[in-house]
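S.K.: Construct the complete structure from the given sequences, taking the supplied hints into account.
There are 4 protein chains.
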Amino acid sequence: MSGSSIGNLFCVTSFGESHGAAIGCVVDGCPPGMVLSTDDIQAELDRRKPGTSRHVTQRRESDTVEILSGVFEGKTTGAPIALLIRNEDQRSKDYGNIADTFRPGHADYTYWHKYGIRDYRGGGRSSARETAVRVAAGAIARKWLLERYGVVIRGYMSQLGPIEIPFKSWDAVSENPFFAPNTEIVPELETYMDQLRKSGDSVGAKISVVAENVPVGWGEPVYDRLDADLAYALMSINAVKGVEIGAGFDSVTQKGSEHGDELTPVGFLSNHAGGVLGGISTGQDIIAHIAIKPTSSIRLPRNSIDKAGNPVLVETHGRHDPCVGIRATPIAEAMLAIVLIDHALRHRGQCADVVVDTPRIAGKVK
Amino acid sequence: MSGSSIGNLFCVTSFGESHGAAIGCVVDGCPPGMVLSTDDIQAELDRRKPGTSRHVTQRRESDTVEILSGVFEGKTTGAPIALLIRNEDQRSKDYGNIADTFRPGHADYTYWHKYGIRDYRGGGRSSARETAVRVAAGAIARKWLLERYGVVIRGYMSQLGPIEIPFKSWDAVSENPFFAPNTEIVPELETYMDQLRKSGDSVGAKISVVAENVPVGWGEPVYDRLDADLAYALMSINAVKGVEIGAGFDSVTQKGSEHGDELTPVGFLSNHAGGVLGGISTGQDIIAHIAIKPTSSIRLPRNSIDKAGNPVLVETHGRHDPCVGIRATPIAEAMLAIVLIDHALRHRGQCADVVVDTPRIAGKVK
Amino acid sequence: MSGSSIGNLFCVTSFGESHGAAIGCVVDGCPPGMVLSTDDIQAELDRRKPGTSRHVTQRRESDTVEILSGVFEGKTTGAPIALLIRNEDQRSKDYGNIADTFRPGHADYTYWHKYGIRDYRGGGRSSARETAVRVAAGAIARKWLLERYGVVIRGYMSQLGPIEIPFKSWDAVSENPFFAPNTEIVPELETYMDQLRKSGDSVGAKISVVAENVPVGWGEPVYDRLDADLAYALMSINAVKGVEIGAGFDSVTQKGSEHGDELTPVGFLSNHAGGVLGGISTGQDIIAHIAIKPTSSIRLPRNSIDKAGNPVLVETHGRHDPCVGIRATPIAEAMLAIVLIDHALRHRGQCADVVVDTPRIAGKVK
Amino acid sequence: MSGSSIGNLFCVTSFGESHGAAIGCVVDGCPPGMVLSTDDIQAELDRRKPGTSRHVTQRRESDTVEILSGVFEGKTTGAPIALLIRNEDQRSKDYGNIADTFRPGHADYTYWHKYGIRDYRGGGRSSARETAVRVAAGAIARKWLLERYGVVIRGYMSQLGPIEIPFKSWDAVSENPFFAPNTEIVPELETYMDQLRKSGDSVGAKISVVAENVPVGWGEPVYDRLDADLAYALMSINAVKGVEIGAGFDSVTQKGSEHGDELTPVGFLSNHAGGVLGGISTGQDIIAHIAIKPTSSIRLPRNSIDKAGNPVLVETHGRHDPCVGIRATPIAEAMLAIVLIDHALRHRGQCADVVVDTPRIAGKVK
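Protein chains in written order, with my numbering: chain A, 1 to 366; chain B, 1 to 366; chain C, 1 to 366; chain D, 1 to 366.
Treat each hint with caution, since some may be false.
The list treats identical chains as one, so a pair stands whether inside a single copy or across any two.
No farther apart than 25 Å at their CA atoms in a straight line, the calculated lysine-lysine pairs in the DSS-like style are these [to be verified]:
no.	residue 1	residue 2
1	Lys364	Lys75
2	Lys75	Lys307
3	Lys307	Lys364
4	Lys255	Lys198
5	Lys255	Lys364
Read the hints as simulated data drawn from the structure, not as lab findings.
M.R.: Structure (structure tokens):
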């Protein structure tokens, strides 16, 4: 398939530009018989939508989703589910000035040279607006994973710029605009963001996602490993520059006697693997971390060139997130869900008959 | 396709177990008319093969490759190229004792529960031996990339356990068994490895790969981005736990005014992007880093369980690399090459007619 | 990818049910820079839409298409093109009576057993209404093929039930509601259809499609042959039960001395191959024929069973085509176009550098 | 994936040329735990191998298959199964004379123009020798289908040139070199073939394949229908020019009251559908027919051109089947098996949870 589809048996095909008529996707391969309504999807979209706090873009989009197909009398039918989100707040004039200019850190230069034409309005196809589609498709995936296998997918912001955010509780995540698992640190985050916004600059962030209750056995070595497909899915999110599974880059300095998770009759003693061994889920929590680069659109003047190759100074005064990482948590969760359901289906297809009398041990021993 | 194939137009399908009759692959989609002989492939295989220094496994494999198809009168025909490497040094008795035991950090437990059966000899399918196949296929990809587009792909070890390795020169890489781009530091690395080996433990490493002269325009957003496919390919390598593109996790603490690479008429002023913007190559160097976990097979006793679920102590006395990262550089280079050629072909297919009068600027200004 | 997508580099993903909110598709991989408007697509949709004569269903659908993405300032951008067609005339009450009954010849029984749930309204996903989507996507493919390579794709009805239709001229095809390449025979066809409609029965048909000016070299052996992919695409059309390339089943009784098309410096002397040898286009006309079964929905009573397994008599009084073949010509043309553009792109990707000094001979010598 | 792979979850990747070192394939996705030995595969290969009667090519190939991977202690492990068949009887000199000539009916001309280079020895990649690989892979598929679902796949020659072969019994098929389901007609077939061989000409044939006990529900509409994928797989066989499912082209003249298979509580009353409705298996026998063109290599002189475009006369005196259809039955069976197992796995993946209380009716009522 071409580049706008992800997944094999559960296949999501995305379309739409930031300032076009609409964005949306086709979700093909969702198992039949699952209760599904726009509410299930809208709830996830609302978690990522813009304008919910002063720390994110003020673009006004209700991100109202319409289910066009694949659901009958409230249940999925096994047919492709098409989701449509109309764009509402298209202030294209904000972007007219970039029609002939390549903004540093953006895809302007690469899209232009690849395609010879680009929809420059708000970044067009390369806009983070496309991630709303991922969240919508992910909502379907996570609902099925939860109902069918009890898989719980959650994420949080683990670092905002220089501020590391110690994990306190899952409950905290929904109680602040940063998806921080820690309420005490929120004032510090707000102060930091307010100063950052005033300075006209932007900053990066680190997001962590976890999937609990994933059965052992999901993943298709040697290339379509669960962790490899997850790396692909997470790196495909706008602005992501790094992906870690479990211990990630800490593995570099670890000894084998530390990293290798020991097994006992009652469970694993640690989870440096992040729930994946040999590309297959272990039954422990799936844990991944991503690095998100700072927003490229900033008010501070930057050197660039125009189409003619002449030097220009670029200052971006549109509506932008000073830290795109703030809204990235639901997106990362969605990609994790999409990868997991696809592998759940693939595993059932090839290994539906496998019966193992060996006891399956629990996840990490608390 | 199923899990043992990578790539779309340039598709590599891998097969083989560590102690089976042979390993190999089918490379489908290689452009026709390229001069190709076993020497081209053998040269790369020899860079990764075991037994070349005291710091790697002493298993003796000549890794002699045979081209079974797809080459006629010394040139590729466009037909699938099948590569065969017979296994030679199969001391399976080394592994008999693990038939009923799940080694910590290995895929024993997951393969068993996924498939209900596993070839336990030397890890079977999950063995790093499979990476020889990647190097062989990658040799074909890199040769074409170099001859057709002048793309140069190189890699090096950037960190061995706690020892960061400052980059000095590319020439140094081939002059030591660690692929270190720095000869002064080699004695320190050797001392460290000798002590590590004596201790019976293992350690992780960090590998960096670079592709020069990649044209602007390769990559298929929004999912099959060049960096997303690269993350998939690199994470699919045994023992890899993290992938970074360009600045990677340093992006978390960077400001937008620092990270965003400025453009000038004579080139980019920096390359934090690692040569990819919006999932498409910029014309700058493609730069990626991977984290490799410590070898799971160590002499030190580890807690585990057997198939019956009973606790056991595992000590591994077979022939193993105390640091799998030492031989990982050619593998990472190969995966980068495989991803690049696939995207080169896909880009030509969709965008062959694109003509842009805008000047293409140089890579990073020195 | 899952079952609702067709094509590799030019990938069409279809969605929608007969009586759902809408039908549509995402066309991913269309080359950038092509002028495209809804008029280009609407023109093809109007050729297949219902209610255009007394010989087809009277369901009223304007089949108005909306382009949601992938086109900017009148040109394709290389991004996915989403097409949306709202359903208008949904008289679902026509179908309430079949909710619990399996209609003979329909997919009711198979969808029910496969998915455990089905949108029975008008056949839901299995309705021929989905073919409108194929025509819309095909319109994009054929426009590009014509503009870029001069490929002309046309089709006609070659047989209606027992009446064989001798080919007279391409001009005739658009001058009658049957797509017959022969105006003299139209009165006979109309008389036959009027009697058939009165009888409450239905009948099959044979459609032929031709692509002219296809360059030599398109097709990817040994499985993704041009003719194999074409057989797949044509057989995927509702009600198609047979596919022939060139001489087709006449080849069974032919001698090699008759079938094998001889070559001369000025061209081939015949075209029994139908423009494909070894799965690759020859430069001659691509010729295919398809058999379309009679409409399954008829007024005559038929034996069947209900969900409980009880015998029932089924009489269908909804709005149906007495011969679905009558509207099948534009659909078959569209599938041919979709297969050709995909192979054009794939061929360019792998073989863009091929230069052959051997003269390319003309198609069939007149 | 590229053109040499078929199937999604059960994926076969083929390689090899007629006169290269070897032919073979990688079978990826075979479910684990199935007993498999070379005997299982060899038995099928022997059914299609050359030199078994005077009516087929006298090329001597033992077609001895080696299993290189994916089988451990006599059982499949779920890992890719690589199969290798060394070429033995490569009398390339037979073919030297065609290095610069394009043989009518062969792929010489198309391969040359597509790739700019071709392995002309015995047709190279386009040789029917590649079909041995299909039979080998198909042997694995059919064994699993039989053991897991009781699916029985059989085929026969239904027509040899002008001679239609009435079906008498399955037992007869293995008792004659033509795979004719009718022993009485064998003398007529032999006489016809002897005369044909003397004449230096060749002829076409028609092959029919049947799969019994296929459960209802296999097939992935709207494109990856069971019949569409079957059409693709069968048309991809060398020399096939037509594919029919069930009534096939007879559907053209049938009335709906005749074609539509009625249902009763005890089963269907007919099977014009050929076991597929809406692209999904009905539980009836899957029935397909293919048209095979006459062998292109004949002794009679034929007009052609050489690479320089000059007219030449071609007479082929190598070792060839006067009717390639004679050995095609095992190949068609294999392709049917490969398509069925892939859809079995895909269906299990998406619909494993479907439970339908509606009774499944029997196949065709005798």
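S.K.: Please go over all the hints and tell whether each is borne out by the structure.
M.R.: Outcome of the hint check:
In this homomeric assembly, Lys364 and Lys75 never come within 25 Å of each other (Cα to Cα): the closest approach is 36 Å inside a single copy and 33 Å across copies. With identical chains, the CA atoms of Lys75 and Lys307 are at most 25 Å apart between copies only, with a shortest distance of 19 Å across copies and 50 Å within one. Proximity of Lys307 and Lys364 under a CA criterion of 25 Å is satisfied inter-copy only: 19 Å between copies versus 55 Å inside one chain copy. Proximity of Lys255 to Lys198 under the C-alpha cut-off of 25 Å is restricted to the inter-copy arrangement: shortest distance 13 Å between copies versus 45 Å within a copy.
In this homomeric assembly, Lys255 and Lys364 come within 25 Å of each other (Cα to Cα) only inside a single copy, at 20 Å, whereas the closest approach across copies is 37 Å.
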